[in-house]
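Chain order of the listed sequences is A and B.
The first sequence begins at 76 in our numbering and counts up one residue at a time.
The second sequence begins at 91 in our numbering and counts up one residue at a time.
Fair warning: there could be bad hints in the mix.
[What the hints assert, rightly or not] Quick list of in silico lysine to aspartate or glutamate cross-link-like pairs, EDC-like style, CA-CA up to 16 Å:
| id | chain 1 | residue 1 | chain 2 | residue 2 |
| --- | --- | --- | --- | --- |
| 1 | A | Lys221 | B | Asp171 |
| 2 | A | Lys138 | B | Glu101 |
| 3 | A | Lys237 | A | Glu176 |
| 4 | A | Lys397 | A | Asp353 |
| 5 | A | Lys397 | A | Glu283 |
| 6 | A | Lys205 | A | Asp323 |
| 7 | A | Lys408 | B | Asp97 |
| 8 | A | Lys397 | A | Glu358 |
| 9 | A | Lys237 | B | Asp110 |
Since the hints were made in silico from the structure, they are not lab data.
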Amino acid sequence: MSVTVTINDRRLLALPEGVPLLSALNANHVFLPSACGGRGACGLCRVTVHGGAALPFSPAELKKLSAAERQHGVHLACQLEVRDGLQIWIPDELLRVSLFEVEVAALRDLTHDIKEVTLQLLTPPSIDFKAGQYVQLRAPEGPRRKRNVWRAYSIASPPSQKTRIQLQVRLVPNGLVSVFVHQELRTGDRLQITGPWGEFYLRENASELLLVAGGVGMAPIRAMLLDLLEKKSTRSIRYFFGAVSAADLFLMDEMRALERELPHFQFVPALSAPRPEDAWTGERGLITEVLERRLETDSQAEAYLCGSPAMIEACVAVLLRKGIPDSRIFYDKFA
Amino acid sequence: MKPTLEDVQKEMLPGVITRDGFLGSDPRTLEAILQDDNETVRGLGLTHALIAAKMRALMQAGLRGLGTWVAVAPHFVVLVDSVRGVLPCPFLHEGTFPKTRVTVKNTRLGREITFTELNVHLIEAHGFYEGQGAPFRLDPPTLAQVLEISGPETNSAAGQSSGEN
């Protein structure tokens, strides 16, 4: 039986009664963050429910939600069943997340384990996003996948390119989606994505920019740089790209071209363990060591970091020591 | 309702959480795998907690390397690599784990082992070392030898006897 659920006091949906709210919303193209397939394991699919404090909380919710959140009626959508008259609130930006049918327009190897994927948007034909945001890509059920699997990938192309986007996908051993992309995906294949997602995006102001990312962390940074180029930005920009050896470097020509095209852009690749055959003459050491050496104290810069939690935490510690406050440090923690 | 071992075994199949799953080509049931590894760990005079603790300590040390090899006394080098996203535990409880992969080389023995952060949890919380033939199967005696894990002699149980939590 269909019942009415109200979202943010203005959007009414007819949803089947008794099913998990998360899957019911997804089926009606209202997408909430989720990293565990609705098992209550990730705690991401939070919704605020009118009268929710009085509703029972599942064991998963008791673990994932603070007492304050429960008092405010916050629940996990995967743990809540649809019922008539349910009123929920979710961040407005989530109502802008859409489902897109896309076609693979091009595939290009950037390194031995990173592939660039260009996707042509079909339906809807364009996407509005901010440089730094990401999409979720679906690998369909198939011989090696028992169910649909979604994974997050940052958009590596600028927001001006609304009809065609690029992603950078790193091959993960035993990974469900990355192996699909690297070994099965072909140009012309049709896929689904959702987006745009994420709070990590370039803020528009005149601040000096510090960008720090290695590997596929470059993807959102590239989107930011191309966006800045198109907007003829005169901001002072430094991009510290950390890698282990020269084999991990990619798009170097593009970065060097941006150094010529953006008036105040400096690209600083740094290798932590260059091999003798790399004949490396650039910066050496961990990216944190390079930042420590190269950054001045009392910097007025705004920093954008993308990488593993360990890398982010280590870099944030350096930035704080250099006088850059929390409020000017933004990151996408890859978690 | 608590998930049964049968439910958990289904989550461990290829293509559910990871491409190759957690059971490999092992013909045994999950219950048998857990019991056999539990006995093996007991026979080594170790516990799942002890083994997991050593793995976790090496992983923490390796994280400092930010993707490069880190020397860890007395004679290990550790590489920790992280990729985006998290994985749920196949034992169907509340928990997701970063996709962190750890390679530990014992330079004295000339041997190395690779494991994931999820592996550490699976051993610590469930006494699960994966099935024979699984890509991240961790044989307890090999773990004990390469990571040089030793513990007090004990006649007590080595840890959980089943995977249900």
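Now for the hints, and whether the structure bears them out:
| no. | hint | verdict |
| --- | --- | --- |
| 1 | Lys221(A) with Asp171(B) | violated (27 Å) |
| 2 | Lys138(A) with Glu101(B) | violated (22 Å) |
| 3 | Lys237(A) with Glu176(A) | holds (14 Å) |
| 4 | Lys397(A) with Asp353(A) | violated (31 Å) |
| 5 | Lys397(A) with Glu283(A) | holds (14 Å) |
| 6 | Lys205(A) with Asp323(A) | violated (27 Å) |
| 7 | Lys408(A) with Asp97(B) | violated (32 Å) |
| 8 | Lys397(A) with Glu358(A) | violated (19 Å) |
| 9 | Lys237(A) with Asp110(B) | violated (36 Å) |
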